[in-house]
Amino acid sequence: MENIWFFLLIVLLKIIAIFTLSLGGVVVMNWVERKVCGHIQHRHGPLYVGPIGLFQPIADSIKLFLKEDITPRDVDKPVFYLAPLLCLTPALLTFAVIPVGPHIQIADINVGLVYILAISSLGIFGIIMGGYSSNNKYALLGGLRSCAQMISYEIALGLSIIGVLMFSGSLSLAKIVEAQQGTILGVLPNWFVIPQILGFAVYLAAIFAETNRAPFDLPEAEQELVAGYFVEYGSMRWAIFMLSEYVAMISGSCVLVTLFLGGWLPIPGLGIIENVLPASIVLYIMPVVWFVAKVAFFMFFFVWVRWTFPRLRYDQLMSLGWKVLLPLALFNIFLTGIVRMAQLS
Amino acid sequence: MTNIFQTDLLKGLSLTIRYFFSKPVTLRYPEVYYDLPERFRGAQVLKRHEDGKERCVGCGLCPEVCPSEAITLQTSEGEDHQKVVDSYVIDLGLCIYCGYCQEVCPVDAVFMGKDFELTITDLGKLRVEREKMLTKGEEPRYESL
Numbered sequence: 033m034e035n036i037w038f039f040l041l042i043v044l045l046k047i048i049a050i051f052t053l054s055l056g057g058v059v060v061m062n063w064v065e066r067k068v069c070g071h072i073q074h075r076h077g078p079l080y081v082g083p084i085g086l087f088q089p090i091a092d093s094i095k096l097f098l099k100e101d102i103t104p105r106d107v108d109k110p111v112f113y114l115a116p117l118l119c120l121t122p123a124l125l126t127f128a129v130i131p132v133g134p135h136i137q138i139a140d141i142n143v144g145l146v147y148i149l150a151i152s153s154l155g156i157f158g159i160i161m162g163g164y165s166s167n168n169k170y171a172l173l174g175g176l177r178s179c180a181q182m183i184s185y186e187i188a189l190g191l192s193i194i195g196v197l198m199f200s201g202s203l204s205l206a207k208i209v210e211a212q213q214g215t216i217l218g219v220l221p222n223w224f225v226i227p228q229i230l231g232f233a234v235y236l237a238a239i240f241a242e243t244n245r246a247p248f249d250l251p252e253a254e255q256e257l258v259a260g261y262f263v264e265y266g267s268m269r270w271a272i273f274m275l276s277e278y279v280a281m282i283s284g285s286c287v288l289v290t291l292f293l294g295g296w297l298p299i300p301g302l303g304i305i306e307n308v309l310p311a312s313i314v315l316y317i318m319p320v321v322w323f324v325a326k327v328a329f330f331m332f333f334f335v336w337v338r339w340t341f342p343r344l345r346y347d348q349l350m351s352l353g354w355k356v357l358l359p360l361a362l363f364n365i366f367l368t369g370i371v372r373m374a375q376l377s
Numbered sequence: 034m035t036n037i038f039q040t041d042l043l044k045g046l047s048l049t050i051r052y053f054f055s056k057p058v059t060l061r062y063p064e065v066y067y068d069l070p071e072r073f074r075g076a077q078v079l080k081r082h083e084d085g086k087e088r089c090v091g092c093g094l095c096p097e098v099c100p101s102e103a104i105t106l107q108t109s110e111g112e113d114h115q116k117v118v119d120s121y122v123i124d125l126g127l128c129i130y131c132g133y134c135q136e137v138c139p140v141d142a143v144f145m146g147k148d149f150e151l152t153i154t155d156l157g158k159l160r161v162e163r164e165k166m167l168t169k170g171e172e173p174r175y176e177s178l
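Heads up: the sequence lines are chains W and F, in that order.
Per the numbering used here, the first sequence starts with residue 33, numbered consecutively.
Per the numbering used here, the second sequence starts with residue 34, numbered consecutively.
Since the hints were made in silico from the structure, they are not lab data.
Computed from a prediction, not measured in an experiment: that's the story for all the values here.
Please note that a few of the clues may not be correct.
Stated by the list, open to error - List time: in silico DSS-like cross-link candidates among lysine-lysine, alpha-carbon distance up to 30 Å:
id, chain 1, residue 1, chain 2, residue 2
1, F, LYS44, W, LYS67
2, F, LYS158, F, LYS56
3, F, LYS56, W, LYS67
Hey, can you work out the whole structure from these sequences and the hints?
Here's what the structure looks like:
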C-alpha cells in the first residue's frame with residue numbers, strides 16, 4: 033500500500049514541476065519574443081522594467097490581473113466561460129508524455145504519439161467555442177477560419193510523424209528517443225531528422241500553422257485589423273488564451289525535438305562536456321539540459337520566423353496545407369516505406 | 034517561394050538574424066540627447082543688446098506675421114513719447130514654430146531657441162510672458178514651464 037502513495041507523490045511532484053516550468057516558460061517566452069522582435073527590427077525591446085527588461089512580463093501580468101473583466105451581455109455564458117480553459121488544458125496535457133531525460137517523464141504510455149495527436153486536436157474546440165459564444169460576427173468568422181486552418185494542418189502533422197514511427201517501430205516517446213541513440217558513420221548523430229528531413233520540414237510548417245503562429249497567423253492578425261476569435265475576452269480570460277498559444281508552441285517544439293532531434297540525447301559536438309562533469313550530474317541533469325537547449329533554440333526559431341516572413345493570405349494558407357504539405361507527407365511515407373523495406377530485407 | 038528549396042526564405046532569415054546581432058539604432062532619449070541642428074526652431078527667446086538693454090521695440094511686426102496669431106503685443110506711450118512694451122505673450126500651444134517672427138523682426142529680438150521639451154499639465158502655462166523669454170546669452174532655457 034505504501035508503494036502507491038509514494039508513486040502518486042512522485043507523479044504529483046513531476047506534474048507540479050512540468051506545470052511550473054511550462055507556465056514559467058511562457059513568461060520567459062513573452063520577454064524573449066519582445067526582445068528578439070525588437071533587435072530584429074534594429075531597436076531595443078523592453079529596457080527599463082528590470083535589467084534588460086526582464087520584469088516586463090511580470091508588469092504585464094500584474095496589469096492583466098487588475099484589469100476589469102467584462103462579459104458582454106448576450107454571450108452564451110457557459111460556452112464563453114469554458115472556451116479559454118478548453119484551449120489551455122489540452123496544450124498543458126501534452127507535456128505528460130514527453131521524456132525530458134532517460135526515464136524522466138510523467139507517464140510513459142505505449143501509445144504516446146497517438147495521445148499527443150488526440151489531445152492537441154482538442155484545443156480546436158476551445159477556439160471554435162470562443163468564436164461562437166462571443167456573439168460577434170468577426171469573432172465567429174475568425175474562429176471558423178482558425179478552426180479550418182488547424183484541422184487542415186492536423187492531417188499533415190499526423191502524416192509527417194508516420195515516417196518516424198516506421199523508423200522507431202514504437203509509438204512510445206521514450207522508445208523513440210532511445211531509437212535515436214548512436215551515430216551514423218561515426219560522425220552524424222542517429223537523429224531522425226537526417227533520414228526524415230522531409231517529414232521534419234512538413235512537421236515544422238504544420239506546427240507553425242497549428243499554433244496560429246506567423247506566417248500562418250491570419251486568425252490573430254484579424255485582431256490587429258478587425259477582430260478575431262478572442263476579441264470579446266477581457267483580462268484574465270484573454271491572458272489564458274495567450275498562455276495557451278505559447279504553451280502549444282512550447283509543447284509542439286518539445287514533440288519536434290523528441291521525434292526528430294533526439295530528445296534528451298546530447299548534442300554531438302558539445303557532448304565532450306560530459307567527460308568533465310561528475311557522473312551524477314551527467315546521468316540526471318545533462319539530458320534535461322540538452323533537451324531544454326534544443327527546445328530553446330526552436331522557441332527562438334518560432335520568434336525569428338514570425339518577424340521575418342509576411343503573413344500568408346487565407347487561401348494561400350489552405351492551399352499550402354492541402355496541396356503541398358499533404359502530398360509531401362504522403363510522399364515521405366512512401367519513400368520511408370521503400371527505404372525501410374530495403375533495410376530490413 | 035521561388036524554387037523548391039525555398040532559398041529565398043533562407044535569405045530572409047539570414048537578413049533578420051544579421052539585424053538581430055547588430056547594434057540597435059535607437060537613440061536612448063532622455064538619457065541621450067540628439068545633436069540639434071544650428072537653425073533648429075524651438076521655443077522663442079527675446080535677445081538683448083550687449084549692454085543688457087532689451088532689443089524688442091514693440092514694432093508689432095511679429096504679431097502681424099504670425100500665421101496662427103500666437104503672439105499678443107500690448108504697448109503704450111512711455112516717457113519721451115517712446116514706445117514701451119507693456120506685455121508680450123507668446124502662446125506656445127498655438128505657435129507652429131515656423132520661425133516667421135524671427136525672420137520678420139527688424140531688430141533681431143525674437144529668436145527661435147533650442148527648447149523643445151515643452152510638456153505641461155496646465156494649459157495656462159503655455160502662454161509665456163516676456164520675462165520668461167529674455168535671455169542673458171544665446172542658450173535659452175526656461176525654468177520649468
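Consistency of the hints with the structure:
| no. | hint | verdict |
| --- | --- | --- |
| 1 | F:LYS44 / W:LYS67 | 22 Å, holds |
| 2 | F:LYS158 / F:LYS56 | 40 Å, violated |
| 3 | F:LYS56 / W:LYS67 | 13 Å, holds |
Hint 2 alone, counting from the list given before, is not met by this structure.
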